Structures are given as C-alpha cells and as structure tokens.
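2 protein chains.
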Amino acid sequence: MTRRLNLNIGINTTGYLMQAWPYRTGSRHDIYDPDYYRRLTELAHKGVFDAVFFSDHPALITDPRARPFHTLDPLILLAALAAQVPDIGLVLTASSTYNSPYNLARRTQTLDIISGGRLIINVVSSFLPNVAANFGKEPLPPRPERYARATEFLDVAKKLWASWDPRREGEVPEDRFWDASSAQPIDHDGAFFHIKGPLNVPRGPQGHPVLAQAGASEGGIDLAARHGEIIYCNILSRGAGQAFGKKVKDRAVSFGRDPAEIRIVPGLVPIVGETREEALRKHELFSGAGSEDGLLKRFVAENGLDPDTFDPDAPLDPQRFVPDPNRIMAVGMGMGLVDLLTHETLTARQAVRRTEGAHRLILGTPEEVADQIIDLWEDGTVDGYTVQPPRAPDDIAEFVETVIPILQDRGVYPRRYEEATIRDRYGLPYPN
Amino acid sequence: MTRRLNLNIGINTTGYLMQAWPYRTGSRHDIYDPDYYRRLTELAHKGVFDAVFFSDHPALITDPRARPFHTLDPLILLAALAAQVPDIGLVLTASSTYNSPYNLARRTQTLDIISGGRLIINVVSSFLPNVAANFGKEPLPPRPERYARATEFLDVAKKLWASWDPRREGEVPEDRFWDASSAQPIDHDGAFFHIKGPLNVPRGPQGHPVLAQAGASEGGIDLAARHGEIIYCNILSRGAGQAFGKKVKDRAVSFGRDPAEIRIVPGLVPIVGETREEALRKHELFSGAGSEDGLLKRFVAENGLDPDTFDPDAPLDPQRFVPDPNRIMAVGMGMGLVDLLTHETLTARQAVRRTEGAHRLILGTPEEVADQIIDLWEDGTVDGYTVQPPRAPDDIAEFVETVIPILQDRGVYPRRYEEATIRDRYGLPYPN
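Chains as they are written, first to last, in our numbering: chain H, 1058 to 1489; chain W, 1058 to 1489.
A hint or two may mislead.
Any copy, or any two copies together, can satisfy a pair, since identical chains are not distinguished.
Keeping only pairs whose Cα atoms sit at most 35 Å apart, straight-line, the calculated DSBU-like set for lysine-lysine is [said to hold, decoys possible]:
hint, residue 1, residue 2
1, 1215, 1304
2, 1306, 1354
3, 1303, 1194
4, 1103, 1253
5, 1304, 1216
6, 1216, 1194
7, 1215, 1194
8, 1103, 1215
9, 1303, 1216
10, 1216, 1253
11, 1215, 1253
12, 1215, 1303
13, 1194, 1253
14, 1306, 1215
15, 1253, 1306
Since the hints were made in silico from the structure, they are not lab data. As the structure is a computational prediction, the values presented were derived from the model and not from experiment.
Just chain H, with the same shape it has in the complex:
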C-alpha cells in the first residue's frame, strides 16, 4: 500500500444524527456510561479505524426534544480509553477560548504519553453563547479575537510541548538525579498569554499531539493553514473538495509550510442498506423527516424558501443558499451546500440526498458506499474521512461488518494496526 485511506469515526452519545435515537439499540442511560464508550471504541478498533473522534461543547443542551450530544468530559474519557483499548488514535476536542494553555498543554502531553503517541487535538474556538455563560459574565469574544487567541494558544502549546526534552540531557553526574538544563523556560509574552514555562511533562513519543483543525471561515482556514495537520471539514463533492483543499494548502504555503504536512479528512454520514432503496428509507427515518416529502419540507423550512413556488425538481441557484453570517453556528458547517451547488447542478430532490447533518451523505449497499468512499480519495481530493454514523452503536457495528471488509479487499485500507503512533499512521512528519 503506497498510499492508504485514513478513517476516523465520530463518537457522540446516541450517534451523529439528532433524531436517529428511536432506532438505536441500548439504554438511554448509555450516554453517561463510560463502559458504553469503551464498547464503541472496541467496535471501532475491530474496524481498524485510525481514531475515535469526540466532538465537544462544555455545556448541556437542555432542549427537551433533543438528546444530550456531549456529556462525559472527553479529556478524562479518552485517558481511560487509552488505558483500555490499544492501538486506536484518540481525537480530543478542546476549547482554546475556555482553557488555559499551560493546563491544557500539560494534560494533553500527559495523555499523549499515556496513549503511546495516539492523541490528536481538535482545538475549537467555542461559538455558542450557552458555553460562554458557563465561563463568566463576558459574552463570547468576537470571531476574529477567538481565532487570534486560538492561533496564539497553539503557538504557545507547541513551545510548551517542546520545553522539556530528556533527550537533550548531557552526562548526569552521580550525585545529581537529572540534567536540569534539558528543561528550558519558554518566556512567552504575547497578546493573550504570558507564560514562563517550562512544562513539567517531557516531550511525548510523537513529538507533540497531532493537531486537527476544523472551520471553513477565513479565520478557520488561516488557523488550519498555520497549525492544522488533519483538516476536518464538510466536503460534499469533488469540485468543492478540490477548491477547499487547494485554498488551505495554498494558504499553508504562504505561511511557509509544506502542504504535504496536511491531510484533508472531512465528515461523512454513511447509511447502508441491503439495497439502495432500503438505505433511502433509513435516511428518511434517521433524519427524522419520515419520508422524501418530509426531507423536502425540511429543506424548504431550513432555507427559508417559499413553499408555494417551490419546485423540488427545478435546478437550484447556489446564491440562494449562502448562509447568514449572523446565524449562531460554526461558519464552515453552512458552507457545504453552497459549495456543492456551485460545482454541480442539482434539484432539491437530489440535494436532500447529498447531505445530512451538514456533512456528505452516502447512501446505498455496502459496495456502493465503499465505491463512494474510494472515489474522492483515489484522486487525492481527500485523504480519508471522519465517518459520522447516524446511530451508535448500530451503525458503527454495521459499517465495521459490511463496509470495512470491502475497503480491505480493494487494497486501500489496512487489515491490522501497523505504525505505533497516530502521526505515523497519517504519514505526518515529526516536529523538530
């Protein structure tokens, strides 16, 4: 295998799709049971997934119609999973807005060591007012300030992660325990942070945790281009994906980086059926829409279209779907549909089958799903996917049993874990 497909898998309480829970197996108390997450991670390990991805917000969504999407703290949960499940990488989501760099750098370096170099950090600048309300009186900082803070947060985290390196030790005299010069202060003095250092945890087995970055706003792309090694995004089609990848990599070059240090790993919602028809029916159920008409009604409502003049079989105008920048959501999540319609002419009836939960939706038999996964990977549009199963545990188990063996038979996906660190498994260079 000269080049291989990378697959992460999203783990979110009952699964990725908010309204799929009535169709899952298990108890509703699973969502705060650590053993449930161990079982899901073991399922993912059976499927040789590169990493389990835990998205996160530090707030409880108390909408009575929804299910809690995040509960157990992922930093703590991943530390336990690192001790329980071998090999598999661990994607931690952590807020750069509401953590201090010293504490987070120390905790993540510790987790990277405990896991033997399996940690990926997805640093997010929180965008929800109900998160801000758990951290003080101040409203959310404006987006540019959040991204500026996130950028400096990662600058300083990198300095801290490298500040104590026992491999720098010289000869240690017999009456000394260590060569203390192997640890050096960082004396960081920036716009947001003033930190002396050094970190009291030494460098880990992969230099520092792999950095994931999401977000398709200009600030998000800047941050991804400066620091991102794995880019999580929504790519709904080849044209849109190639444009996005080029944009991020060109920007990275402008910051002096080698674009070969970047992997594009967008979200993907697969729905598998014994036939394509069965997959379509599952989509209608798991989305909560109930039927194709329901999907179209939701499309009309979500995009503020006029139901009286709406023609589900007329080609759509992409300009009509540019998201409102004042809407409270991650900007990147709203961009997918515009990008899709810019690169392909589609009707609403076609478009509703191309995206669910803001990510690329692929529907069909296991063979059809595998074909669509390989399709954009084969020509380099993407390096892999972050699979977001609608239901957990059901759709993780099904994907592992039905789709993974096909990818393995096609020779694009490994049958067992080989490299020890997640950095090596993604073919990413080690930091100096």
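Using the hints, position chain W against chain H.
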C-alpha cells in the same frame, strides 16, 4: 470492626523525601512513565490502601540538585489508573486558583463516574510564584483572596455537581429521549464566578467527589471547616493533634456542619528497619543529612539558630520556632514543629527524630511503626494517616509487606476492599 483505621498513600515521583532517590531502585526515567505509576498503585492496592494521593504543582522545579517532584498531570494519570486498578481511591490535587470551576467540576465528575465513586479532590490555592508565572502576568493573589476564591470555587462546584440528576426524571414520553427538567441551571453569580450551568455530566455514584482540604493557616482552617471532609495536615503529637482537630471541628460547627462529617488524616513518614537502630541509620541517609550530627546541623541552619551557642541536648523554646509568615511555603507545613514543642518538652536531638519533610516521622521495627500508627488513632486524635514513603517503589513495597499485615492482625485495618465508594470507605455521609 466498628471503627477502622483509614490509610492513604502518597505517590510522588521518586518518593516523598527529596534526597532519598540515591537509595531507590528503578530508572530515573520512571518519573514520567505511566506504567511506573500503575505499578505503584498496584502495590498500594495489594496493601488495601484506601487511596493513592497525588500532590501537585503545575510547574517544573528546575533546581539541578532536586528531582522533579511532579510531572504527569494527575487528572489524566488518575483517569488511566481508574481504568487499570480496581477498588483503590484516587486523591487528585487541583488548584482552585488556576482552574475554571466549570471545566474542573466537569472533569472531576467524569472521573468520579469512571472510577465508580473513588475520587477525592484536594483543592489547593497555589502558593508558588513559579506556578503563577505559568498562568499570566499577574503575581499570585494575596492569601485571603486565594482562600476566598477557593471557598466560592467549592460552593459553585457543589452546585454544578448536583445540577443534573437523572434520578429526578419523571415519566419520559415515548417520543422524547429524556426528561430535560432533570437538569437545571445554577445561575451562580458571586464575587469570583458567574456560571449559568447546568453541568453536562450527571451526578456520580457517591453524590460528588469527597473533598480533601489541607492547610493550617486561618484561611485554610476556614476552608476545611466549610467544605473539607478529609483533612490533610501535619500532626506531630497527641496534644497538637487534639488541639488541631478540635479547632477544625468547632469551626465546622460554627458553619452549621456536623463534626462527624470530618476525618483527620495527617501526613506520616514511616521509616522501617529490622531494628530501631537500622531505621535511625536509614533516616540519616534518606533525609540527606548523612548522620545524627548532620540532622542537627540542618536543624540549626533551617531554623536560623546560632551554631556557637546551640546545645542539642537542651530543651527547646517553642516561641523560637514560629514560622516567618512572609516565607514562601504552605503555612500549615511550618506550624507542626511549634505545635509539637508547645505540647511536649523536647531537645533538638529528640525533635529531629520526630519530623521529616514537615510531617510526623515514625522510626522503628514494623511492630514499633504499627504501634505508633495505632496510638493516635485509637483514642480518636486522628482517623488515619496519609503515609508518605521516603522512597518509591521501595518503601511502599516494604510498608505493604511488613507493617500492613501487623495492622490487619491487630484488627484495626481491613484485609480486603469492602465498600465500593471511597465515601463509604471513609464512613462519610452522602450529600443531599
């Protein structure tokens, strides 16, 4: 067993005493090896210790003559240990000065759930300038402000820990995943914190983590009396211990608490020999003093005495040993010697054998050590001890092999783990 001895054990890189490392077995790279801490915790589990205690500072001490005392982050390390070692309780030290209540409440509630109700939190208000330097430009807040913040920190943590309780759920209609009214905002608005809540992690198996509190300054005693369930302190003699215990419990009563909710569990440095003479020689080595004369020289230097007029065999005046309040150290750590000398008349030659590393030192054969442990416990002066072995792993292994069986034979200490939660093991009440 109607009343039982509780024992925690301190785990600190090479052991508690700074200069004992030349006499320990193992590699100096052990100190940042998670597997080393797993082995130490398994040793402690073999000894049926109630809990492993990880002290902490979020800073690296770069003194070339010392060994790093804290490296791996204890929050992360304890999460891994919770998954690896059953039964044993886990004492986390965390700074109320340099954590945000929402994040820490969420992380600790998660760890309490993962461990099945085995978490104890030792909240400390950081007192070292090199810790402050890792968290911004501001110097350490003055001590009263740090304690006021710590008090409000625990007030708000208790509200957050109780804010989502699935046991409050009513009937859940079939089309709903949960009863969202089981989670309620806390709307905390205080001098230091403004937090909406609810926490997105539900109550754990023991209501909330057990709260440990250290510190013998007035602010520390207030905080212990308001929130402490397990009091970590230095008690060098019966008289001093009874006075301290009465002070904390009287203060707790003044805050409306039941003193039966408080356990006094001071530090203890045991040094075991086949004979008492061997234990004395080990003390001289592990302390770094080398001989009894060395111990006396150190005593003179540490207390600023005049070496020319110093008589090691003259009774000491306690007033001469009141610690300088401007010295940078935890106030409680300096109080032990004054308290000891206030309650017992001792010479310097006797005093240097009563305390090491600011805690009560007990020296002798395993039988003599067991006698001295039972002594202050039997009459209720203390409820147990936090054993601080000079060397790790050596002195943990030795204590488990030689002292624990005697305590078990005397019927004061259990032979196996019985209660599931650490709250039950300490006989502490569940919060409402």
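Okay, the hints, checked on the actual structure:
1. 1215 with 1304: Within one copy only: 24 Å inside, 48 Å across.
2. 1306 with 1354: For residue 1306 and residue 1354, neither the intra-copy (38 Å) nor the inter-copy (66 Å) Cα distance is at most 35 Å.
3. 1303 with 1194: neither (40 Å within a copy, 40 Å between copies)
4. 1103 with 1253: neither (44 Å within a copy, 41 Å between copies)
5. 1304 with 1216: For residue 1304 and residue 1216, the Cα distance is within 35 Å only inside one copy (27 Å; across copies 47 Å).
6. 1216 with 1194: Result: close both inside a copy and across copies, 31 Å intra and 18 Å inter.
7. 1215 with 1194: both (30 Å within a copy, 20 Å between copies)
8. 1103 with 1215: within (33 Å within a copy, 40 Å between copies)
9. 1303 with 1216: within (29 Å within a copy, 49 Å between copies)
10. 1216 with 1253: Both: 10 Å inside a copy, 34 Å across copies.
11. 1215 with 1253: both (14 Å within a copy, 33 Å between copies)
12. 1215 with 1303: within (26 Å within a copy, 50 Å between copies)
13. 1194 with 1253: both (28 Å within a copy, 9 Å between copies)
14. 1306 with 1215: within (21 Å within a copy, 47 Å between copies)
15. 1253 with 1306: within (33 Å within a copy, 40 Å between copies)
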